[in-house]
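Enquirer: Here are the chains, one letter per residue:
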Amino acid sequence: MNKQRIVTITSVAKEVVGITTLRFHDENEVRPGQFYMIWIPGIDEIPMSASYTTAEKGITVKDVGEATKALGDLKIHDRIGIRGPYGNGYEIPAGKVLIAGGGTGMASLLPAAEMIADRDRVDVLIGARTASEILLLERARMASKEVHVSTDDGSMGKKGTVVDLVKEHLQLKHYDIVLGCGPERMLSALLKVCDDASVECQLSLERFMKCGAGLCGSCVIDGVRVCKEGPVFSSAELMKMKEFSSTKRDECGRSIKL
Amino acid sequence: MSSLEASIGRLSLRNPTMLASGIMDETAGSFLKVAHAGAGAVVTKSIGSEPRNGYANPTLIELDEGYINAMGLPNPGIEAFAEEMSEARSCPVPIIGSIFASSPKEFAFLASKMQSYGAAAIELNLSCPHAKGYGMELGVDPEVVAAVVKEVKSSCSIPVFAKLTPNTHRLLEVAKAVEAAGGDAIVAINTVKAMAISAEMRRPILSNKGGGLSGPAIKPIGLRCVYDLRSTVKIPIIGAGGVEDWRDAVEYIMAGASAVQVGSGVGRNGLQVFEAICSGMEAFMEREGFGSVRQMVGVAHE
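Keeping their order, the protein sequence lines are chains A and B. Position one of the first sequence corresponds to residue 19 (my numbering), numbered consecutively onward. Position one of the second sequence corresponds to residue -9 (my numbering), numbered consecutively onward.
There could be a bad hint or two in this list.
Below are the EDC-like pairs computed for lysine to aspartate or glutamate, each with C-alpha atoms no more than 20 Å apart in a straight line [to be verified]: (1) K163(A) with E186(A); (2) K21(A) with D54(B); (3) K183(B) with D54(B); (4) K163(A) with E202(A); (5) K275(A) with E69(B); (6) K183(B) with E73(B); (7) K266(A) with E69(B); (8) K93(A) with E74(A); (9) K114(A) with D194(A); (10) K275(A) with E190(B); (11) K122(B) with E269(A); (12) K122(B) with E40(B); (13) K260(A) with E73(B); (14) K114(A) with D136(A); (15) K80(A) with E202(A); (16) K266(A) with D54(B); (17) K143(B) with D131(B); (18) K166(B) with E190(B); (19) K21(A) with E127(B); (20) K140(B) with E127(B); (21) K93(A) with D44(A); (22) K260(A) with E77(B); (23) K191(A) with D170(A); (24) K266(A) with E77(B); (25) K275(A) with E55(B); (26) K258(A) with E77(B); (27) K183(B) with E141(B); (28) K177(A) with D194(A); (29) K93(A) with D131(B); (30) K114(A) with E74(A); (31) K275(A) with D240(A); (32) K199(B) with D62(A); (33) K21(A) with E55(B).
Derived CB-CB ranges, DEER-like [as the list claims (entries may be wrong)]: (34) R0(B) with A112(A): 18 to 24 Å; (35) K191(A) with G67(B): 48 to 54 Å; (36) N43(B) with K32(A): 42 to 48 Å.
Negatives, chain A to chain B, calculated, CB over 12 Å [as the list claims (entries may be wrong)]: (37) V25; (38) V34; (39) D62; (40) E156.
By construction, these hints were calculated from the structure, which means they are not laboratory data. Where a beta carbon is used, it is the ideal one built from N, C-alpha and C, also for glycine.
In isolation and in its complexed conformation, chain B is listed as follows:
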């Protein structure tokens, strides 16, 4: 019997699938729905200090091979989010609080709040590709990232994950900075900078013009990043980018990921995507003689 149990450092999961930040994760009702659909953990929408509307529509376009979005970090703010986290206490899987901020101090403040709300871990959004003053604007500078991780680590005792952007040639330097500053895991990748233009309307479609590409289109990019990260850092890696079936998940795990996040896959395959990945992975592990997820982690390097 193969076991789907997974661990990211000291955080144990019933299976290696996690709901990615930004997808159906603004409300307690949604967390519970996704948990009951089979996810091993849920990551919240990125929460900031103040309520934020995000950008005007259009904020999303669908492509054959994924989505381009620029939501603009809409969120109710950390104070109002207390209510959702409190309602989600009955959630059967860990809730990981994603946060975004413009300075190490602000990140630390949000992290301590998330911890007090019962979050099992923190995910630092250092990678949103389309929000002025946030996300990848900080996340491409190893020194800034190190300062953020250090400050957050000193403000909370739960594990701290850094979600990184592929939109830089300095990904590996940034990852090393996370590790050196005491970060507990790397999440890679966030969306890839992208744009869609309407020929008839002669203009970009998204109101923010630029956005982030997700879904199957970016899976090869994500795999390469995870593979290179595995060769560079010792801390666990959580793979993300175009995971929508068991094969995608296994490929990320073999590249070096301890778990995977599913975002676009929820939109494209429905909430049953988590269960489908798990049952497919379990069958694969039986066939191929893997007793545990851990045995598969990084085997592509051997």
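Only chain A is shown next, with the shape it has when bound in the complex:
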């Protein structure tokens, strides 16, 4: 049962410009890749991936609208409502793991990297538009011995996308799984690169979400609920989806081109 509870913000950290991490205490067990429904009274309730899944849970929020701005303005001791965690989360197999995050996608992936105790078993690739937007780099370096960065403008690391980096790594080394999260255009390219290299991947999707609990159907993609069967989907599941990287649904459920 996922009753709503009110939690107090225990820490606020500015990660990069416009992106804030809020920590709070929640005794529920959370798997990397799962999400909370976060209530900001009087404003909205929105799904947010857990960016910390240890005792002190956390979310990492990019200011993109009214609700996320309100979250970014919160201070220690402020309170929010939470429901969840919801969704399936990443399934981390034995063997070598490659993590690829674009933009705020890193927030859902880092807990997965941190869960892998052996730092040699996980490599992390972080992509952003420019150096100042590279997210959670220090945490990634704590979790993995091999962390690489790409920027669209070449201001840090390799010039290009994180998918370019993935492609290189898949040629260099053997990986048993690729975990990815980021904009859908990136995920679509990532799926193709993994498929070409015959490496399994698990990608975390985003859709407009209303109830978060598998009831309302607003986040459905090809008959599958992103909030319940997802948000993390396997290569095989993604390959079957006609709506993946082509359409999404708006608030009233109309199909719109991506």
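Once you have looked at the hints, place chain B on chain A.
Expert: Chain B in isolation, oriented as in the chain A frame:
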């Protein structure tokens, strides 16, 4: 061998479980998924004349004994819904088009559209407890309900079901009005008016403040309504409210329902809820010597 086949008037179902309106039923992909999971029919999300966003979040809260929701009738509008219905043509079970409107004429327009899209029946949403100008605001007045049913009946040839609200002392009068106006079946019940308040935040949680309670909490209310309706009208009744296992379904059928709708049960027990209800009911019927669902309908009255 007991048969799970059910009928609501002239509509035949492979089993008496139906997906309730509002749950996972906005898209063709969802209908198909639910049909393949074992439901005997699916009812669409309530569709109106125009696209509608519904209310801001929070729109749902979970309780031990159910949910309180105020979605606010989000839907893509009847024109855009054509595409979903067309994609759902391969659906192996009947699709029942749920519609909401603010006047008999508008209901009739939507019903004729739904029929042209291939809907097997119409479900009139006369019972949403939290939308201004719609749902139960019309559905508690027998005269208005009669006018709606009459107008819709004259605009389409498929069966017309009226989904009624328990939030009135006039339920039985409304049901009689549906029957007199030519309605083909009654669906009861929709959610019960409810609210949740956060003590720490000192305010109602849902953005709409008020919402509708569903799930096991309302099953006894639904059973009583169905029982009383069975004593009042002759047209078939479809039971809804807290059905999540075979026993709930059997109880509704014994109270007088010809079939049951499952909504919250999908959220609480997963999509396997339909198959679980059916296999449990079949085993019960074998044990108790019921050869068909029809034999169980209303036996609690005997």
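Enquirer: Work down the list of hints and note, for each, if the structure agrees.
Expert: Quick rundown of the hints versus the structure:
no., hint, in the structure
1, K163(A) with E186(A), "17 Å, holds"
2, K21(A) with D54(B), "8 Å, holds"
3, K183(B) with D54(B), "17 Å, holds"
4, K163(A) with E202(A), "28 Å, violated"
5, K275(A) with E69(B), "18 Å, holds"
6, K183(B) with E73(B), "33 Å, violated"
7, K266(A) with E69(B), "18 Å, holds"
8, K93(A) with E74(A), "16 Å, holds"
9, K114(A) with D194(A), "5 Å, holds"
10, K275(A) with E190(B), "41 Å, violated"
11, K122(B) with E269(A), "19 Å, holds"
12, K122(B) with E40(B), "15 Å, holds"
13, K260(A) with E73(B), "15 Å, holds"
14, K114(A) with D136(A), "10 Å, holds"
15, K80(A) with E202(A), "17 Å, holds"
16, K266(A) with D54(B), "33 Å, violated"
17, K143(B) with D131(B), "18 Å, holds"
18, K166(B) with E190(B), "46 Å, violated"
19, K21(A) with E127(B), "30 Å, violated"
20, K140(B) with E127(B), "18 Å, holds"
21, K93(A) with D44(A), "18 Å, holds"
22, K260(A) with E77(B), "13 Å, holds"
23, K191(A) with D170(A), "24 Å, violated"
24, K266(A) with E77(B), "16 Å, holds"
25, K275(A) with E55(B), "39 Å, violated"
26, K258(A) with E77(B), "16 Å, holds"
27, K183(B) with E141(B), "28 Å, violated"
28, K177(A) with D194(A), "26 Å, violated"
29, K93(A) with D131(B), "50 Å, violated"
30, K114(A) with E74(A), "27 Å, violated"
31, K275(A) with D240(A), "14 Å, holds"
32, K199(B) with D62(A), "13 Å, holds"
33, K21(A) with E55(B), "11 Å, holds"
34, R0(B) with A112(A): 18 to 24 Å, "58 Å, violated"
35, K191(A) with G67(B): 48 to 54 Å, "51 Å, holds"
36, N43(B) with K32(A): 42 to 48 Å, "32 Å, violated"
37, V25, "9 Å, violated"
38, V34, "27 Å, holds"
39, D62, "5 Å, violated"
40, E156, "33 Å, holds"
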